[in-house]
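Student: Chain by chain, the residues:
Number of protein chains: 2
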Amino acid sequence: MGSTVIRSIATQDRRFALAPGAGGDAIHRDPYYAYAVALLNTDAGPRGTGFALTLGPGTPLVCQAIDLLAAPLVGREIEELMASFGQTFNALANHPQLRWLGPHKGVVQLALAAITNACFDLWAKARGLPLWRLLLDLTPEQITALLDLRYLDDLLTPQAATALIAEQIPSRPERSAVLRDGYPGYDTSVGWFGYSDAQVREHVRRSTAAGFGAVKLKVGSADAEHDLRRAAMVRDSVGPDVKLMLDANQQWSVPQAMRMCAQLQPLNPYWIEEPTHPDDILAHQALARAVAPMRIAVGEHIPNSVLFKNFIQAGAMHFVQVDCTRVGGVSEFLTVSLLARCAGRPVVPHVGDMGQIHQHLVLFNRVALGHEVQFLEYIPHLRQHFVLPAQVEHGVYRIPQEPGSSADLHA
Amino acid sequence: MGSTVIRSIATQDRRFALAPGAGGDAIHRDPYYAYAVALLNTDAGPRGTGFALTLGPGTPLVCQAIDLLAAPLVGREIEELMASFGQTFNALANHPQLRWLGPHKGVVQLALAAITNACFDLWAKARGLPLWRLLLDLTPEQITALLDLRYLDDLLTPQAATALIAEQIPSRPERSAVLRDGYPGYDTSVGWFGYSDAQVREHVRRSTAAGFGAVKLKVGSADAEHDLRRAAMVRDSVGPDVKLMLDANQQWSVPQAMRMCAQLQPLNPYWIEEPTHPDDILAHQALARAVAPMRIAVGEHIPNSVLFKNFIQAGAMHFVQVDCTRVGGVSEFLTVSLLARCAGRPVVPHVGDMGQIHQHLVLFNRVALGHEVQFLEYIPHLRQHFVLPAQVEHGVYRIPQEPGSSADLHA
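Chain order of the listed sequences is A and B. Residue numbers for the first sequence follow this note's numbering, so the first one is 1 and each next one is one higher. Residue numbers for the second sequence follow this note's numbering, so the first one is 1 and each next one is one higher.
Worth flagging that the hints you see were computed from the coordinates, not collected in a lab. Note that the Cβ used here is the ideal one computed from N, Cα and C, for glycine as well. Just so you know, not all the hints are guaranteed correct.
What the hints assert, rightly or not - For the chain A half of the interface with chain B, some residues (derived, Cβ under 7 Å), not all of them:
id, residue
1, G56
2, P96
3, Q97
4, G102
5, V107
6, L136
7, T139
8, P140
9, E141
10, Q313
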């Protein structure tokens with residue numbers, strides 16, 4: 001391998017208008033899908049691309065935070081950088097002044113996500129490997145060296161992380177079918193909040209006809225009857241065998257969530273997603289106990305591994321919806337996946353990246369960490385903007401073969 | 001009262017260099033004390049000033065977020081706005097796109113703090129009253145209407161908030177001595193991380209000679225012996241009767257914090273502050289149980305009332321160090337003060353504002369909410385920059401008498 005040195009950092013503010021009604025939920029009306037993009041330029045070789053999802057007007061804030069945070073990466077050689085990325089990540093995440101604006105949350109953390117993701121993308125391109133392959137080729141010690149495990153040692157020490165990964169090596173072949181057969185998807189794009197009943201029915205019909213075995217409906221309306229009626233309508237449409245996930249997007253208070261979950265239970269939802277405020281660990285814990293055997297999914301707004309550790313320790317989440325465009329990028333995603341594995345909780349990423357990067361990460365989670373196969377969220381609205389859009393056929397993500405993390409956007 | 005209409009919003013990026021060694025702690029080296037300032041301009045009347053503390057290079061991000069968030073306030077009359085400020089706050093805090101960058105944390109939340117604080121400042125100036133007086137003149141219903149209590153109803157409903165405030169009215173006279181005698185301060189500026197032993201000893205001597213009955217020392221060094229030696233040195237200097245607080249500024253892992261607390265116990269610290277990561281509710285809960293009767297203070301990095309609710313419900317904080325320049329401003333400070341009162345926890349603000357605004361708020365907490373008198377942090381480093389710097393005499397904050405929230409800075 002030649003030497004690939006980061007020569008400069010650039011950012012892009014990319015915004016993509018959505019079709020009327022698409023992308024909205026109970027709390028995020030009229031979104032743009034927008035990305036704050038970090039670009040790591042090298043001399044003649046590949047360029048690293050990473051991004052964080054924003055929903056529009058805040059994108060320049062994240063871009064400026066990228067500029068402020070990423071400056072120390074200029075001049076770094078990518079192999080040398082990634083050999084101890086956990087240390088670099090720790091230094092970036094704990095910038096002596098910018099840390100005050102978090103710590104490890106909000107605009108600055110989104111910027112860190114974009115930067116980290118660009119580093120992993122550049123690394124995989126420099127090696128000429130798809131990201132999933134690169135990650136699977138690493139030794140347990142090399143994987144642990146990618147991670148910043150500070151503040152987690154009451155659940156996971158570096159030694160324990162390395163041991164966990166090493167223990168999974170003998171059984172990797174049993175789990176490698178996924179590298180041939182692909183990873184199942186589920187379709188979020190059927191049930192946006194702004195869709196009419198007729199639109200939802202039509203999208204559900206198309207989605208199940210296309211082979212998806214799981215669909216998601218947005219709930220969290222001010223009108224509980226509306227939610228119950230729509231959920232029943234979708235359950236009727238798909239029958240008892242298709243998994244139905246219900247997503248309240250944080251709209252309920254704790255007492256409301258208790259009531260709504262009880263009323264939705266007969267529809268046998270596979271999970272209830274974001275029932276209330278995503279910082280409310282104890283509320284999720286109380287809900288998880290009260291609504292069992294219904295299960296709670298949460299994570300798209302949980303910004304760092306310390307908060308995920310708390311949710312996991314509290315038994316407050318059944319499905320870990322970590323998103324590498326919300327936490328500090330690919331490496332913190334892997335950290336959270338390890339925490340989840342310690343506690344036997346499945347990781348089902350939220351895909352702020354539309355699944356582009358996560359299609360790599362779920363393969364690593366399955367083969368290297370021994371996570372069970374779940375399904376990966378699929379949102380097709382931006383596929384024409386990606387250079388290498390994820391290929392989903394018959395409801396299954398195909399395996400990306402091109403170098404990198406599939407994050408490049410058309411100019 | 002005449003009509004005071006907000007005509008335009010302006011922002012200022014104000015940075016103040018500190019003397020060598022001052023202001024630093026185990027994690028924030030070389031700080032600037034910097035403010036992102038929100039200014040609410042009116043036609044001919046007063047101008048509202050509010051700010052959030054930043055530590056330097058991130059200030060423009062917060063200023064831009066103020067511009068994005070505050071636009072809906074233009075054209076609003078201040079009395080009409082404040083009559084239902086809780087609703088306006090809820091709308092600003094849940095901006096349909098900017099919310100994604102939090103929610104309710106990080107850069108966007110700091111911007112909300114500055115905006116909210118400017119609204120309260122303008123309101124008090126328009127009425128010609130110091131903020132503490134304005135707040136004490138409100139009815140319980142008017143106070144509750146200032147607050148956004150969403151997501152808190154498992155601990156505090158609006159009805160319960162109003163009732164709590166109303167119940168305290170008959171006993172207000174018993175607690176009103178503080179409005180004459182002033183509110184005790186404590187001195188943070190004696191024990192900065194970067195100070196030499198000789199500097200610490202000299203500052204401690206001056207501080208106790210000036211009448212302070214409590215001092216704070218920064219710990220959290222990589223060298224545990226250094227921390228233990230310095231803490232013992234300060235305890236020796238001040239004797240057994242002065243309160244000594246120790247502040248680790250998040251530097252310890254949970255096992256480290258357990259060890260250090262056990263070793264520091266013989267020095268009888270009044271509290272241990274920020275022993276570990278401020279998002280780690282369960283770690284603080286475990287620590288609080290393990291180190292009792294030592295007590296835990298935390299809050300300067302806790303960004304919103306939902307997280308404070310969790311800390312309080314978990315028994316994870318003994319002293320509630322909410323800061324109106326970190327949470328969404330004065331109104332969310334009051335919300336957290338109510339939550340703390342429900343649970344019998346004292347509020348001892350962290351003073352990102354150097355005590356300027358909080359000197360008003362602790363009077364309200366004492367008289368209207370029935371909180372016990374503790375002491376208010378005092379940091380003198382910026383006093384020459386404030387138009388009306390807090391007057392601390394013999395270790396006691398005097399009562400501000402001028403209209404507003406004491407937040408104006410010299411041009």
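Student: Each hint should be assessed against the structure and marked as holding or not.
Tutor: We went through each hint and held it up to the structure:
1. G56: holds, 4 Å
2. P96: holds, 4 Å
3. Q97: It holds, given that the least Cβ distance between Q97(A) and chain B is near 4 Å, below 7 Å.
4. G102: holds, 6 Å
5. V107: holds, 4 Å
6. L136: violated, 30 Å
7. T139: violated, 25 Å
8. P140: Where the cut-off is 7 Å and the nearest Cβ of chain B is about 22 Å from P140(A), the hint is violated.
9. E141: With a minimum Cβ separation of about 21 Å from chain B (threshold 7 Å), the hint on E141(A) is violated.
10. Q313: holds, 5 Å
Comparing the model with each earlier hint shows violations of hints 6, 7, 8, 9; every other hint is respected.
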